[in-house]
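Asks: Dock chains U, Y and L against chain B, hints included.
Number of protein chains: 4
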Amino acid sequence: MGLIIRGGTIVTATDYYQSDVRIEDEKIVAIGEGIGASDDEVIQVDGCYLFPGGVDAHTHFALPVGNTVTADDFCSGTKAAIMGGTTTIIDYATQFKGETLQEALANWHDKAQGNCYADYGFHMAITDWNHRIAQEIAWLPQEAGVSSIKLYMAYKNVLQVDDAILFQALQRSEECGVMVCLHCENGDIIHTLVNQFLDKGQTEPYYHHLSRPPLAEQEAVTRAIALAELAHATLYVVHLTCREALAVVADAKGRGVKVYAETCPQYLLLDESYYHDKSFNVAKYAISPPLRAKDNQEHLWNGLHHGTLDVVATDHCSFNFHGQKDAVTNDFSKIPNGMAGVENRLGVLYTYGVVPGKISLNEFVNRTATQPAKLFGMFPRKGTIAPGSDADIVVWNPATTSTITASKQYQNVDYTPYEGFKQIGNIEHVFLRGQHLVRCGKLCDGKQQGIYISRKPF
Amino acid sequence: MGLIIRGGTIVTATDYYQSDVRIEDEKIVAIGEGIGASDDEVIQVDGCYLFPGGVDAHTHFALPVGNTVTADDFCSGTKAAIMGGTTTIIDYATQFKGETLQEALANWHDKAQGNCYADYGFHMAITDWNHRIAQEIAWLPQEAGVSSIKLYMAYKNVLQVDDAILFQALQRSEECGVMVCLHCENGDIIHTLVNQFLDKGQTEPYYHHLSRPPLAEQEAVTRAIALAELAHATLYVVHLTCREALAVVADAKGRGVKVYAETCPQYLLLDESYYHDKSFNVAKYAISPPLRAKDNQEHLWNGLHHGTLDVVATDHCSFNFHGQKDAVTNDFSKIPNGMAGVENRLGVLYTYGVVPGKISLNEFVNRTATQPAKLFGMFPRKGTIAPGSDADIVVWNPATTSTITASKQYQNVDYTPYEGFKQIGNIEHVFLRGQHLVRCGKLCDGKQQGIYISRKPF
Amino acid sequence: MGLIIRGGTIVTATDYYQSDVRIEDEKIVAIGEGIGASDDEVIQVDGCYLFPGGVDAHTHFALPVGNTVTADDFCSGTKAAIMGGTTTIIDYATQFKGETLQEALANWHDKAQGNCYADYGFHMAITDWNHRIAQEIAWLPQEAGVSSIKLYMAYKNVLQVDDAILFQALQRSEECGVMVCLHCENGDIIHTLVNQFLDKGQTEPYYHHLSRPPLAEQEAVTRAIALAELAHATLYVVHLTCREALAVVADAKGRGVKVYAETCPQYLLLDESYYHDKSFNVAKYAISPPLRAKDNQEHLWNGLHHGTLDVVATDHCSFNFHGQKDAVTNDFSKIPNGMAGVENRLGVLYTYGVVPGKISLNEFVNRTATQPAKLFGMFPRKGTIAPGSDADIVVWNPATTSTITASKQYQNVDYTPYEGFKQIGNIEHVFLRGQHLVRCGKLCDGKQQGIYISRKPF
Amino acid sequence: MGLIIRGGTIVTATDYYQSDVRIEDEKIVAIGEGIGASDDEVIQVDGCYLFPGGVDAHTHFALPVGNTVTADDFCSGTKAAIMGGTTTIIDYATQFKGETLQEALANWHDKAQGNCYADYGFHMAITDWNHRIAQEIAWLPQEAGVSSIKLYMAYKNVLQVDDAILFQALQRSEECGVMVCLHCENGDIIHTLVNQFLDKGQTEPYYHHLSRPPLAEQEAVTRAIALAELAHATLYVVHLTCREALAVVADAKGRGVKVYAETCPQYLLLDESYYHDKSFNVAKYAISPPLRAKDNQEHLWNGLHHGTLDVVATDHCSFNFHGQKDAVTNDFSKIPNGMAGVENRLGVLYTYGVVPGKISLNEFVNRTATQPAKLFGMFPRKGTIAPGSDADIVVWNPATTSTITASKQYQNVDYTPYEGFKQIGNIEHVFLRGQHLVRCGKLCDGKQQGIYISRKPF
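Going down the list, the protein sequences come from chains B, U, Y and L. Counting from 1, position 418 in the first sequence corresponds to residue 418 in this note's numbering; the numbering is continuous, with no gaps. Counting from 1, position 176 in the second sequence corresponds to residue 176 in this note's numbering; the numbering is continuous, with no gaps. Counting from 1, position 71 in the third sequence corresponds to residue 71 in this note's numbering; the numbering is continuous, with no gaps. Counting from 1, position 104 in the fourth sequence corresponds to residue 104 in this note's numbering; the numbering is continuous, with no gaps.
A portion of the hints provided could be inaccurate.
The list makes no distinction among identical chains, and a pair is therefore deemed to hold if it is satisfied within one copy or across any two copies.
[As the list claims (entries may be wrong)] PhoX-like mimics (lysine-lysine), calculated; alpha carbons at most 25 Å apart, straight line:
id: 1; residue 1: 294; residue 2: 258
id: 2; residue 1: 294; residue 2: 97
id: 3; residue 1: 97; residue 2: 156
id: 4; residue 1: 456; residue 2: 358
id: 5; residue 1: 294; residue 2: 447
id: 6; residue 1: 111; residue 2: 456
id: 7; residue 1: 447; residue 2: 422
id: 8; residue 1: 258; residue 2: 456
id: 9; residue 1: 442; residue 2: 258
id: 10; residue 1: 27; residue 2: 442
id: 11; residue 1: 97; residue 2: 334
id: 12; residue 1: 284; residue 2: 422
In case anyone wonders, no lab produced these hints; they're calculated from the structure.
Chain B on its own, in the form it takes in the complex (with noise of 0.2 Å):
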């Protein structure tokens, strides 16, 4: 017995039709007319959209930050998520000082593991560079479907790697078919300036974003693809918020640098003059890299129409306002950096993108699943609806209108950095590996049964 979704528009990163989608065993087996067996199952869904399942390429749950740990671990992350239309998340598993990959590996495994309603796969963030950890790196695509590690330009003194270090990791991680995620802030300016905002008293949270001004998002990127250059190895960008570090990227990718790049739904729709109010609620703003002047939205827009962009991922790293980034109010650069996102990502996409007409359907699909998937080595099985895939399909009905506030939000923290947003568009049904987990846009919950995504090397 199978399943039958029958009466919607299908949308890939290419196609767009109508046609009936039959589901067994996990799988999509066929597409289009006459496809069904007697005792199928009949999901009918006329005037809705059927995109490939999310695939979010940037959560941070249950991390560990200075001595608190985000707000979402990965049951109430992946609930979100799969609230949200993501069926896949790759969370960004972290190696601190001493271990090895094969410990920071294990400790993620059992944070997730039996914990998720959405599939998952990890990152490698690697904070503790070192030979053995270099020779350590070709255990991860070979035994750990484990295809890209994470470092830090940024977080001087903490995560921050050197050139020399991260020179050799894009050395190393091309001979293993891994590819390095890259966090682009020169950590030098702007630990300085924090200081010196500081040692002056400016200590408010509105001091945070003139602590990481563009041009130190600028020159780390520079930098990242001149040592992916000259290392022959591929370079993605995480988090890219500004035009000055588009630009550097567009220039690369025409001169056939292997760089791919990403950007979050929050640098899309939101701007600097949200840390122009002077008290402390700019905390819930406060993330890294910060929000841009509202000028670079219009770029990054046309970066994901051309394919400059490649990707859109949340950076999902939520903190509640009270208890977490209020627990130190008189020092900006105390105040935990992140905020929520996951359950928001295809909803303000489609809402501020396609609807508008910035992104058509097709890149809006290839931008939240597909290409995530081809990147980080899941596709075909995730991130297209096509015979053989997973059946991880989201059923999007394009004619409703709510309001996005934090009282109805499934991510566990008490704010929506998009409180009062209006969504066009909503989730009718999300099935993951042809699981009915959102059925007429409820939760069936209880139902934590994503599994590891082992990912093919780069």
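Replies: Quick look at chains U, Y and L alone, frame taken from chain B:
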């Protein structure tokens, strides 16, 4: 009763998966497992790729040029197209001085109707712009199924338009949902250089390419983009050949100008060293723009990979070497410009692009079928393999090799520019709207069942 | 018996030092201490700067335009020049349809000879290019003392040349040691936009600048540079106004193209907000290219500082508001284009460039005197303060302030675009070849002793 | 009693004219005709050029490097300078670990005082930045006559500073009127590549240049400019070598960043083919940055012409081939980096720049004397020929030719990188503050009368 193509690997601009395809009544009706009816014909194609039938957006069949006419008419041209895996061509119907667009289009319908093996559409090349024609533009997409016009910035005193006409045509086309295709070379520069060479007695075909320097192309592309930007219009640059022009397009896309660009296999595979033979044989390669220095090619391949270049078309415009190319041998400017290629596009792109990894299989499909179908208003009827689309399918066997030679070609011309080139892979079957036109590499001759494809407004 | 200027500070394009200057027989004969003869006249100028007499490389005196003629002829124009510290002007002698260059030049000599307060040279503006004229170009530098011609890319159907003529003129000029000065705006775009505005009844002078967008200038500059590069010729872009065009020039210089560029005080001081008054008063600022958005100004100043811009000239082309500018008030395209400025160049450049530190005193001298003298073949006779050079010296007192007003000007026109502008510093003395033309700010009237300066080939 | 130099042609950065020069009490007192006193000594120099004495802004005399010291000390180095037409050098005084700037400068004064043939100033190279040193920066221009410091982005673990220090040094220097000179190569890349080559047993000097790719320089220049821009500081890039870095500087100047750049004769004349000899002889050319591909040279010459490059200095840092360069022959990283050149700068620039027309005589003077004197606070005392300036004059006879060879040089080193190079022109006389140090090509030995030149703040 339907038809099943079984055992192949379907490649679209996004997807890659093994599956059966079922065809009925000219359309693809289903893809997947268990989709057949008991009386379906089954064609087994294990080990083969299924590509969407190719769309060649740039041909010149039966085109009068000077006092001759191109060697291929719609019969031989579309036969060669089919044998090369191209199931749809878009030919440049040409309005000559004094004609209305309606008259011009009627002429082209007369040439094509009943003679075509492949489906066909028309662009409208305009050589006599005036107020009446400006009005008539609206008729093209509304009633004639034509959503693109073509103008020339070269061929001074013959086809060339000045910037005022070009600007107005861009403005008017945008109002009407029509895209402007443009031959971008500065005709004034070329005109001057040609006359200067001839005045000095430098009449050999060797001087053809020296009279059309890359800077003349770059200048024209730059100017065209400026005019399109001012007119808020959409521009399609035909046959882009060189890195300088490519950089201009990349920059324009990056700042949001609506510009698309096409290149051709000859610019990807051949280079200006072909002109260095001082014999008249060089006339075979007298095309405009001319072949360029070899180092341009990696830039063009990179452009196809990143999407700076949208389309690979052929600019098929064949003349026999004996009798046409050599009709006048003491004046290079009198050699009819152009060469054949509609039969070779997929083969050489696959062999010299996909096999060495310069472009992926998905990109190959996108540039040869999907993107031209989309840009020219034929998608999703043409350009993809999806339920509901026309059953235009090429079955490609990658396990064979052959050698290109004029003696075996279907193009009705006495040479091929790719003489002696190795080809990897070959066409096993071609289906046009379900009709099995090529079977095991053999043409089912006499089947001129190609129909006119009315295209949607841009 | 000589003349000593004592106690001032000499400023050249390189140097800055306090010293005496001794003049004899029209020439500077010595600089330094102890250089006088006992019978020398001594003029004490403590606290003042000594600048080389200004060279204004762009004036239009006594120029017929439509059915009127510019308000300033050579008498009033050069009187104003002298009062503004400009001791040499280069006027655009114009060849009208049917004339030989020899005839045209003779006409301009007739206008100037015996009427000039300042020394003068001529460029040759060519409006009727043909083979005979191409031959005659050689005569200009060899026998007529003219080493620059001018062509127009704007004014379609009137002055505009096509690219073939421009290209040939560049080639021919290079052979002959002649530099091509070029008005760079795309006349086809402008022609189209003008007609479209007028067709819609938008006839107010407000529409003048909308019909000449920056992109039309950028395009023309780009094209001109491409043509010059192909012709291996030397190009001088007159009145460059905007950042877009400036970037193109910077890029061309960077890759070694022989291109020079000029801007004018009006583009450095005034901006397009002057057009936002909907009254006809705006016609005062109807110049071509038009005034631009204010943010261009910092780019122009930076260009003067770094040498991307070589020269500041005035494009002095004055028309009275009453009787000329307002002769036709219901068609902005009929307003004579141009305005006065030869009297104000040094004053406003000093006040708004040197005083706020946008350019140095050396750069001020270089852009207003030295570089134009060098580019146009008059150096070292003109453009510097050095032994052997003509004793053209401006004594500038920086310790005064005044207000620019039409009521006090020597320019023979009923308004000034700088009405009410403050000026810091003023002219105390002007010497032309040792003649003391301005003494303590007062003109020694009646001294029309300006002579023709035969210029050297480029 | 004065001294008259008669009959020569004076060349400054702007001017070119024949004139007498009169010197009295170390200063130029007059220029022109009839300027002499009856008891003046007269030196006739018909047919010769008079250049301002050269200013070499980049030397390393008596510098300890590893466990050796540069071959030239202040005595031999400044003697060679004088013989090469350089009358002022600015040496890099170096603060070693633990020293105050005052101590470091005292050390350098000890090395120089009483030993110099040429006048001299100091930059302060800082290798141990800390809060105390940051405070001491203010002392440099205020009391010590030093208005520039130097930092290194290369030489990891030895001289290299991180971005935080560089950024703070830029901020602090700007406050104090100090310019930051910067060695721009990414030391982390180089450190990694060096170790990788050595690990593979690739120890020959051939690998020196492969360990320092142009991209490492481009990256560092880009980063330095970003830091300077953020700090609103002034940056001076020492020894720029390649087109990639040049393009970055051009772009930065174009957008108004306060950046200046220097190149050296070795990068203009020699190229990386010198490394292709696999013998140890290649060690002679082990300099940092290394020699580059030949096609960079036209870009550097063009940069000097247009002012993207401001200064030509030598980076004179000589080591004997026998005993120093070859002390260790099995590890290219241990070869002392540097070579001689202070004696050859004017000769080779004149011969290979001025004679073939790559730069003009004025530009030659500007890049070798005027602009370094201006940038480093010594103008107009040094760097020009004008009344009131120091009588530092080089009399250059352009009518001779010679061949450069180590056997005849004054530099105290056993080879010259320009061995066998032809030179056009030679030095007839050199005057330092009026002292006739070189007479008819012969040094008046024993005259170590060079004095310390206290420089003005930037």
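Asks: Confirm or reject each hint.
Replies: Structure-based check of each hint:
1. Taking CA atoms no more than 25 Å apart as the test, residue 294 paired with residue 258 passes between copies only; the shortest distance there is 22 Å, against 29 Å inside one copy.
2. In this homomeric assembly, residue 294 and residue 97 never come within 25 Å of each other (Cα to Cα): the closest approach is 38 Å inside a single copy and 47 Å across copies.
3. Taking the closest pair of Cα atoms, residue 97 and residue 156 come within 25 Å of each other both inside a single copy (15 Å) and across two copies (24 Å).
4. Taking the closest pair of Cα atoms, residue 456 and residue 358 come within 25 Å of each other only across two copies (21 Å); inside a single copy the shortest separation is 32 Å, beyond that limit.
5. Taking the shortest alpha-carbon separations for residue 294 and residue 447, neither the intra-copy value of 41 Å nor the inter-copy value of 59 Å comes in at or below 25 Å.
6. Taking the closest pair of Cα atoms, residue 111 and residue 456 come within 25 Å of each other only inside a single copy of the chain (22 Å); across copies the shortest separation is 53 Å, beyond that limit.
7. In this homomeric assembly, residue 447 and residue 422 never come within 25 Å of each other (Cα to Cα): the closest approach is 29 Å inside a single copy and 56 Å across copies.
8. In the homo-oligomer, the alpha carbons of residue 258 and residue 456 lie at most 25 Å apart inside one protomer (18 Å), although the nearest pairing across protomers, at 36 Å, exceeds that limit.
9. Proximity of residue 442 to residue 258 under the C-alpha cut-off of 25 Å is found in neither arrangement, the shortest distances being 42 Å within a copy and 42 Å between copies.
10. In this assembly of identical chains, the alpha carbons of residue 27 and residue 442 lie at most 25 Å apart only when taken from the same copy (22 Å versus 37 Å across copies).
11. Taking CA atoms no more than 25 Å apart as the test, residue 97 paired with residue 334 passes inside one copy only; the shortest distance there is 21 Å, against 34 Å between copies.
12. In this assembly of identical chains, the alpha carbons of residue 284 and residue 422 lie at most 25 Å apart only when taken from the same copy (20 Å versus 50 Å across copies).
Comparing the model with each earlier hint shows violations of hints 2, 5, 7, 9; every other hint is respected.
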